[in-house]
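Heads up: the protein sequence lines correspond to chains E and U, in order.
Using the working numbering, the first residue of the first sequence is number 1, and each one after it goes up by one.
Using the working numbering, the first residue of the second sequence is number 1001, and each one after it goes up by one.
Source of the hints: derived by calculation from the structure; they are not laboratory data.
Just so you know, not all the hints are guaranteed correct.
Unchecked claim - Covered stretches of chain E, going by a simulated chain U footprint (3 or more residues, C-beta under 8 Å):
id : segment
1  : 156-170
2  : 175-184
Said to hold, decoys possible - Simulated pairs of lysine to aspartate or glutamate, EDC-like, Cα-Cα distance not exceeding 16 Å:
id : chain 1 : residue 1 : chain 2 : residue 2
3  : E       : Lys-105   : U       : Glu-1229
4  : U       : Lys-1254  : E       : Glu-91
5  : E       : Lys-185   : E       : Glu-91
Every residue, glycine too, gets a C-beta built ideally from N, C-alpha and C.
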Amino acid sequence: MPLLASRRLAFSLAAAAAVSLAAVHGIGPAVAADPAQLVQTTAQQVIDIVKTKTGADRQAAILAVLQANFDMPAMGRSALGTHWNQATESERARFLKAVATAEAKAYSERFGQYGGQTLTIGKVIPRANGVSVVDSRLNQTSGQPIKLEWEIRNDRIADVKIEGVSMVMTRRSDFNSYIQNNGGKVEPLVRELESRAAR
Amino acid sequence: MDPGSALMIGVTRAISASIRRSVVAVALAGTMVGGCATNDTGAADVWDPLETPNRFIFSINRAVDIIALRPLAVMYRDLLPDRAQTGVRNLLDNLGEPVTAINEIFQGEPNRAATTMARFLVNSTIGVAGLFDVATSFGLERTKEDFGKTIGLWAGVEPENGGFYLMLPAYGPSNARDATGLMMDYLVDPFRILTYNLAVDWDVWQIGRYGANAVDYRSRTIFALDDLEKNSVDYYAALRSAYTQNRADQIRQKREKTDTRSELERRDNLALVR
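Can you build the whole structure from these sequences, using the hints too?
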């Protein structure tokens, strides 16, 4: 009996919280304290861009979304791993710029046309270190839905995991291997990324 | 001392030296594995001692992929009607169900294994030899298990640690754990055993099945792999990381599911005691 009562209490508390959150975010700006809301807004922004814009316009718009909603400097730093410390100030700046451009380009080319995909937000799991993970499913028109997990830190998206594959981790492995095979310096990687961005 | 006994002593010495050396090698390998397990920083650095031969195999695989497999997969995806593709997928999945059921038993989920076998029986009969997946509409959900996951479930290490990374010829990315799993799955596969015992030309059937599986699987990974290749500066390293993370995620899901279930069972038992 007490279990049932506490469950009801928890439910009503949750409902109250949901209502108050809805009230706050109904009028509030896109950047909010609620991780699920942040993911939802970002997904909607990207879908709108893909629906309405093409080519260079689309890439610029996606870059704006990336810089507003993603913690690009932190993602870049962690993608460079231990090599970040030995990079010069200008190398770091150039690296971050090239990575942001590369990601924007990748995202704008990834969806040729909007194929009717929708994002269903699942539960939000708070972690101890101030990170919360938002679980979601990308529903496709055909085939199985794709599992997407978003890592939110300081109201910004810090990583996206697609079917368990972390964007930052994969980049880190990729960049690290490239640096090791090219003399252990950051410079060749930055130059390669810049030449790719210019293409 | 005659030459014969000198030779004998020499040989014995050589053997004992080689044994000593191999013991050292095993011990070294042990510390390396151990080191890999303790310093595990996730998928950022996958243990890849065979990187040079792996990269060599990878380049051959890619050549074969560019010349033959990917074009076939593209044609399969774009030219074959969707319903035919679903039929082929269902047929191949159905042939894989017994292996999944065997693995579910080894994973300690006999109920799940029973469901898989029920699926197999329903789809093989009402579903016309597996062409139609009627079992799902009966509420029998499909699962796909392999022995690599079974090992990963019980191994007491981080699921990112699957032993050394291995690029298999034709098959693609793998590691010590998953390659062992692949071999086990091959050995226990009732269809392989059955065709071997019944049909004269069993290898033709098997090659047809594995070939169809390869083309079908490749057709569903075109988008993801093209994307990974285009957006990486070192495709080999990016694929190595992505493969390791994806497998680790599958295993972690299995572990969590098992943990949740055992936790619920424990609570049920507690409730019964009270």
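>> For each hint given before, does the structure comply? Return the numbers of the non-compliant ones in rising order.
In response: 4
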